[in-house]
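Residue numbers (numbering that gives the first Met the number 0), protein chains in the order written: chain A, 0 to 451; chain B, 0 to 451.
Quick caveat, the hints were computed from the structure, so don't treat them as lab data. Every clue listed holds true.
One copy or any two copies: either way a pair holds, since identical chains are not told apart in the list.
Computed cross-link-like contacts, SDA-like style, restricted to lysine to any residue with a CA-CA straight-line distance of at most 25 Å:
(1) 131 to 426
(2) 126 to 1
(3) 131 to 92
(4) 130 to 426
(5) 131 to 375
(6) 405 to 374
(7) 6 to 248
(8) 249 to 96
(9) 249 to 13
(10) 126 to 153
(11) 279 to 27
(12) 399 to 153
(13) 130 to 374
(14) 319 to 58
(15) 131 to 370
(16) 6 to 250
(17) 126 to 92
(18) 319 to 37
(19) 131 to 55
(20) 249 to 278
(21) 249 to 4
(22) 131 to 427
(23) 126 to 4
(24) 6 to 249
(25) 131 to 316
(26) 249 to 5
(27) 249 to 76
(28) 126 to 374
(29) 126 to 3
(30) 249 to 14
Number of protein chains: 2
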Amino acid sequence: MTVRQHKYLLDESEMPTRWYNIVPDLPEPPAPPLHPGTHEPVGPDDLAPLFPMDLILQEVSTESYIDIPDEVQDVYRLWRPSPLFRAHRLEQALGTPARIYYKYEGVSPAGSHKPNTAVPQAFYNAKEGTKKLTTETGAGQWGIALAFACSLFGLECEVWQVGASFDSKPYRRTVMETFGASVHRSPSQLTEAGRAFAADHPGSLGIAISEAVEVAGQHPEVKYALGSVLNHVLLHQTIIGEEALLQLAKAGESGADLVIGCTGGGSNFGGLAFPFIREKLAGRQNPVIRAVEPASCPSLTRGEYRYDFGDTAGFTPLLKMHTLGHDFVPDPIHAGGLRYHGMAPLISHIYELGLMEALSIEQTECFAAAVQFARTEGIVPAPEPTHALAATIREALACKESGEEKVIVTALCGHGMLDMAAYDAYLQGRMTDLELTDDRLAAALATVPSLA
Amino acid sequence: MTVRQHKYLLDESEMPTRWYNIVPDLPEPPAPPLHPGTHEPVGPDDLAPLFPMDLILQEVSTESYIDIPDEVQDVYRLWRPSPLFRAHRLEQALGTPARIYYKYEGVSPAGSHKPNTAVPQAFYNAKEGTKKLTTETGAGQWGIALAFACSLFGLECEVWQVGASFDSKPYRRTVMETFGASVHRSPSQLTEAGRAFAADHPGSLGIAISEAVEVAGQHPEVKYALGSVLNHVLLHQTIIGEEALLQLAKAGESGADLVIGCTGGGSNFGGLAFPFIREKLAGRQNPVIRAVEPASCPSLTRGEYRYDFGDTAGFTPLLKMHTLGHDFVPDPIHAGGLRYHGMAPLISHIYELGLMEALSIEQTECFAAAVQFARTEGIVPAPEPTHALAATIREALACKESGEEKVIVTALCGHGMLDMAAYDAYLQGRMTDLELTDDRLAAALATVPSLA
Numbered sequence: 000m001t002v003r004q005h006k007y008l009l010d011e012s013e014m015p016t017r018w019y020n021i022v023p024d025l026p027e028p029p030a031p032p033l034h035p036g037t038h039e040p041v042g043p044d045d046l047a048p049l050f051p052m053d054l055i056l057q058e059v060s061t062e063s064y065i066d067i068p069d070e071v072q073d074v075y076r077l078w079r080p081s082p083l084f085r086a087h088r089l090e091q092a093l094g095t096p097a098r099i100y101y102k103y104e105g106v107s108p109a110g111s112h113k114p115n116t117a118v119p120q121a122f123y124n125a126k127e128g129t130k131k132l133t134t135e136t137g138a139g140q141w142g143i144a145l146a147f148a149c150s151l152f153g154l155e156c157e158v159w160q161v162g163a164s165f166d167s168k169p170y171r172r173t174v175m176e177t178f179g180a181s182v183h184r185s186p187s188q189l190t191e192a193g194r195a196f197a198a199d200h201p202g203s204l205g206i207a208i209s210e211a212v213e214v215a216g217q218h219p220e221v222k223y224a225l226g227s228v229l230n231h232v233l234l235h236q237t238i239i240g241e242e243a244l245l246q247l248a249k250a251g252e253s254g255a256d257l258v259i260g261c262t263g264g265g266s267n268f269g270g271l272a273f274p275f276i277r278e279k280l281a282g283r284q285n286p287v288i289r290a291v292e293p294a295s296c297p298s299l300t301r302g303e304y305r306y307d308f309g310d311t312a313g314f315t316p317l318l319k320m321h322t323l324g325h326d327f328v329p330d331p332i333h334a335g336g337l338r339y340h341g342m343a344p345l346i347s348h349i350y351e352l353g354l355m356e357a358l359s360i361e362q363t364e365c366f367a368a369a370v371q372f373a374r375t376e377g378i379v380p381a382p383e384p385t386h387a388l389a390a391t392i393r394e395a396l397a398c399k400e401s402g403e404e405k406v407i408v409t410a411l412c413g414h415g416m417l418d419m420a421a422y423d424a425y426l427q428g429r430m431t432d433l434e435l436t437d438d439r440l441a442a443a444l445a446t447v448p449s450l451a
Numbered sequence: 000m001t002v003r004q005h006k007y008l009l010d011e012s013e014m015p016t017r018w019y020n021i022v023p024d025l026p027e028p029p030a031p032p033l034h035p036g037t038h039e040p041v042g043p044d045d046l047a048p049l050f051p052m053d054l055i056l057q058e059v060s061t062e063s064y065i066d067i068p069d070e071v072q073d074v075y076r077l078w079r080p081s082p083l084f085r086a087h088r089l090e091q092a093l094g095t096p097a098r099i100y101y102k103y104e105g106v107s108p109a110g111s112h113k114p115n116t117a118v119p120q121a122f123y124n125a126k127e128g129t130k131k132l133t134t135e136t137g138a139g140q141w142g143i144a145l146a147f148a149c150s151l152f153g154l155e156c157e158v159w160q161v162g163a164s165f166d167s168k169p170y171r172r173t174v175m176e177t178f179g180a181s182v183h184r185s186p187s188q189l190t191e192a193g194r195a196f197a198a199d200h201p202g203s204l205g206i207a208i209s210e211a212v213e214v215a216g217q218h219p220e221v222k223y224a225l226g227s228v229l230n231h232v233l234l235h236q237t238i239i240g241e242e243a244l245l246q247l248a249k250a251g252e253s254g255a256d257l258v259i260g261c262t263g264g265g266s267n268f269g270g271l272a273f274p275f276i277r278e279k280l281a282g283r284q285n286p287v288i289r290a291v292e293p294a295s296c297p298s299l300t301r302g303e304y305r306y307d308f309g310d311t312a313g314f315t316p317l318l319k320m321h322t323l324g325h326d327f328v329p330d331p332i333h334a335g336g337l338r339y340h341g342m343a344p345l346i347s348h349i350y351e352l353g354l355m356e357a358l359s360i361e362q363t364e365c366f367a368a369a370v371q372f373a374r375t376e377g378i379v380p381a382p383e384p385t386h387a388l389a390a391t392i393r394e395a396l397a398c399k400e401s402g403e404e405k406v407i408v409t410a411l412c413g414h415g416m417l418d419m420a421a422y423d424a425y426l427q428g429r430m431t432d433l434e435l436t437d438d439r440l441a442a443a444l445a446t447v448p449s450l451a
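All chains, full assembly: derive it from the sequences and hints.
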């Protein structure tokens, strides 16, 4: 039997020591965020009530690389560098000549990529004297990541969890509490934004963001942390792609032909893809870059590229992004995560520049791909990366037809051990597809503010 | 800031290619299993209805090393070698001069050490023409591991899950089904052993074993798989200790002063400890070997060393082991796993030879240790290894008193992401301790058969 190498590892000493900022490499800069009241570009001082200055400066940085602080590297090394896997068994099952690699972030303490940014956010806040971080979480991966990071840097952590998830996934809350966080069901009675809704309202990410932002804004020693969307969050995630480039070289590949990631707020996708886009812009590689989103929450493929709020109550700056409307919530039958109404402004901009593609996939195809992946590679994927896996399998089967030996790199951004309800629905035949209707989309988009 | 290395990794090419069989190195051989009817030592033919011949020969092997088949190595490489971590952050929090290392098996597809034996068991069965494997599972880690292994070798997998777990942990079943297994609540109406109990009986491992063994015995192409206790299972787990020895050397340590593992059936403990006992017997290292068990299921420290059945119905051979009685079930308030009534005969024998120590710990101390571990090292431990962590922290604090720089190696045999109910009970203050009473123990031991 031929010896096949499944994992490409890096020593801790080979871990990248800088994050990559794609902004200065782009042919034109992204549109600035606007103040929600004045509609003027926001400056660092406008953001100071919510974020520490180090993160604000990263948000607007024009440097290509930012050093990862030693204290952050020391925590990263608890699980990083993460492995890059060659999916030999999946390739064999598909009968494809494509070479499929997946970068696996499920080895982190939260089981997802989220700690890559939670750790530096907690670090910079602690450094600046913040006592407590507030945040929102949906299914819980981001809340778990921030709770973990806060525990390491001695910060309190207060989490507003989307009510429907709080009710149906109690053990997510327990993981956050194990890391020392306090967790509220959102909408809560603790905030004005929350009290605007009935106590049994199922909640949404937009409402939970409003609650966390409201509380952070009231106390100078309390700040807010966001798990996706913003430039500095995507910046921190680029360690994924930087490691993948080093590992791909160890696997003897000269580059990728195709890079595929799922997109919700965009941080996992940007983290993998931006270093590959740098290589593409520099002419060293020429990969196709492809984002995959749920058919029931298709911000890139069916949203409008406009200024919109990041939250439901309109507390956040206006961000120019592909949006479905800031009070859009996917249909309850949607099981695959990636439920945010907008897309990271940086990814929206790069999409408009034509540097990447996007498509949406229905959820039963995603879970069929996930089950095939689990039965060959042994890892049960989180619901989110099932979208990337479905697109990867589509491409691998196209290669089988064409005979092309494409090198496909995809992001397996987390494991699914805390998300088995969706698998249960799929395996029992209770999962159905439901494409977003034009009418519903139009109604949601009607809430997007018109700027003069 | 000093650069601290957290993980000691091995390349896939450095993975051990042989399992270690401790039997020939022991000063005397363990007592043989006896036929449940004749009370004569069982021979290979007696076991043939349940196990394939390759596994039976491993069960009675007197060879020191057994080659790991290429096909098994290929699957192992999906997650092995597993990392050995240095617990710098925990050491710092404890203020101990001890150097704590933990071998982490939670990186496996099942999130535990169980696939180390599930994979070879599925392989040898497939090689011999078995079509289906039956098994029992409690909380589900073993069932998940066997379901995974069967999916890779094209075997059907049928699991009887202890009723109380089946009812309270539905997503464990979903993970098994994702890997293609069928899962029954035990006691079921499908077997004579199950029909002896009311349909809503909470079940036990002993009953579930009886059901799985009964079905396997009825069909030549159906065999049975056990996740612990037997010699061949412990053999397969020795890859844990063999890797740990290599990694400890990479960390610059000349050996361990103390090896600590939790014990239920004994496979995780044996897997880590046996290679260290070999080094001890050969005079190359001199570690103390310490087993830790729950105070509410203390087979080694309070059970009797006698021949007893492995299951409730008395279908299995009689095994000479430390037993609490074959129908013993821990009190329902016990949350920490490790619920089996007996101890692996090989570990029982080694304990009697004086080559290792054992102690039991109450569960609140275990979960306190687990929360401290999670908040420093970032990994939420499965309930089982919290016992080993509690003993590790005891010893590290003793080193703080004495100033000794002991090298402690412990087995973190799985993560707890599927087991958060116990953490919830602990964090909400609902967890209490309950030592097994002498009366209850005496009643349970009264069921152990008397051999003429």
